[in-house]
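Asks: Sequence:
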Amino acid sequence: MSRTSDADRQVAKTGLKRNVVAGAIGVLVHWFDWAIYAYLATTIAVIFFPSQDGAAGLLSVFAVFAVAFFVRPIGSLIFGHLGDRYGRKKTLSIVIVTMAAGTLLLGLIPSYDSIGILAPILLVVARIIQGIAAGGEFGSAAAFLAEYAPTKRRGLGVSWLEFGSVLGFLLASLVVAGLHFWLDPAEVLAWGWRIPFLLTVPLALVGLYIRLKIEDTPEYQALQELDTVSSAPIREVFTHNSKQFFQTIGIEIFMNCTFYVVLVYLITYQEQLVGMPNDQAAVLSAVASLTAIAIIPLSGIVSDRVGRKPVLVTAGILLILGSYPLFMLMNQGSVLAGFFSTFGLAAILALILGTHAVTVAELFPTRTRQSGLSMAYSIAGAFFAGTLPYINTWLIDLTGNNMVPAFTLMVVGLIGLVTLYTMPETRGVDLLHDSDRAPAGTFSKNSEEVAQNTARA
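Residue 71 is where the sequence shown starts when you use this note's numbering, and the numbers rise one by one after that.
Just so you know, these hints were derived from the structure itself, not from any lab. Where is the CB? At the ideal position from N, CA and C, for every residue including glycine. Be aware that a few hints might be false.
[What the hints assert, rightly or not] Estimated spans, in silico, between C-beta atoms of each pair: (1) P120 / H250: 15 to 23 Å; (2) A364 / V271: 26 to 34 Å; (3) P347 / F413: 14 to 22 Å; (4) P120 / W252: 23 to 31 Å; (5) K283 / K313: 55 to 63 Å; (6) S404 / W252: 24 to 32 Å; (7) F410 / S181: 19 to 27 Å; (8) S181 / P347: 45 to 53 Å; (9) P180 / G248: 18 to 26 Å; (10) Q291 / A364: 32 to 40 Å; (11) G403 / A364: 23 to 31 Å.
Sequences and hints are given; from them, build the entire structure.
Replies: What follows is the structure, given as structure tokens:
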């Protein structure tokens, strides 16, 4: 069963816009939560680790930040299996509730001065809950959006996933800027820092309402009709889709590391090392988010016209050649230098964000798509991106070299190019692969399947 133009028109008639919102809103909530944590890192360090010096407290905050990444693979195993075994809709709803519960807990934890060592312990618990939910969000949303988007506009359709993530960052930066504008530092430290985390609850309730109203994707319903839903999708990823799995890890290292340097770590870098005031760094973070929001859909559109690989290769080359000059410019310390350097880094990131999710979603067959995406994304985040703020902070403190993040991005760009060299072009492939039409175990050449589907498309 292929996705014909008639099928595409039917998808459009049955609420494509609503489904795009359903796929993207959970990502928005997730990244709003995580960005708030990063943007308030220096405040959280004082609240939960007050007995340590500034650098040690900040390292503790980023260490807790990394803990949430290390539990992501657990979430990917849980939600990946659920999504491929029982459908995308159910996991999308469970994920957003789990995510909101962890963030609500974080916003309600008393300070170290109130309950002592229990405060950082509860902080870790809250971050673990968030991390488990995050392990399922990307794979669920990416599979859902890819399978609902019309074939010829799939790049644009899936790009809304990252549009939602960056919009979450933008909202977070605006909320943090508002805190610093309306409250004095003592008020932010006493109670104001809790407000952004508590705002997650109404956002999540809206997202849950929307997700409960959607139907499962045409591809997943086709699997049910063919009676070829995998009973062991995780095992099938490693036995039949190992090449796609490792390619996805490479692409997600490329995306995640760039993402966390530009949208998570950069605000702390600008405050602590460049010497920018908190409000100015927050404004520049908003500049980065607005730049990405403007470019992400364009990146998706271009990938629909010229292919996924040309867009991502361009981003990799720009990352290698542009990171060092842009960080040199940023370290001049002026407002104008900060603006142009932040804009440049955000533009490169947006090229990746607009294209990576659709590229990796097209690699996998429908029967293992959510498991493969979830696990690869979580592994890349856990062992590479999640540790970047900590590693960059530690290396700068060790070497005294403020250009460490630039070197990090150059290496990441190289990883992206090497991975792309091993991959086929996936634009226009049929998301129902040959293995989706056969019982488990009867088709074991999925590594050749994408190329075959591309030729047929």
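Asks: Now tell me if each hint is right for this structure.
Replies: Results of checking the hints against the structure:
Between P120 and H250 the beta carbons are some 20 Å apart, a value that agrees with the proposed interval 15 to 23 Å. With their beta carbons about 29 Å apart, A364 and V271 fall inside the hinted range of 26 to 34 Å. About 19 Å separates the C-beta atoms of P347 and F413, a value consistent with the hinted range of 14 to 22 Å. At roughly 24 Å, the beta-carbon separation of P120 and W252 lies within the given 23 to 31 Å, and the hint holds.
The hint said 55 to 63 Å for the Cβ distance between K283 and K313, and at roughly 37 Å that hint is violated. Range check, S404 to W252: about 27 Å between beta-carbon atoms, so the 24 to 32 Å window is met. A beta carbon spacing of about 39 Å between F410 and S181 contradicts the range 19 to 27 Å that was offered as a hint. For the hinted restraint 45 to 53 Å between S181 and P347, the CB-CB distance of approximately 25 Å leaves it violated.
At roughly 24 Å, the beta carbons of P180 and G248 sit within the given window of 18 to 26 Å. One distance hint, 32 to 40 Å for the beta-carbon pair Q291 and A364, holds here, with the actual separation near 35 Å. About 26 Å separates the C-beta atoms of G403 and A364, a value consistent with the hinted range of 23 to 31 Å.
In this structure, the earlier hints numbered 5, 7, 8 are contradicted, and the remaining ones agree with it.
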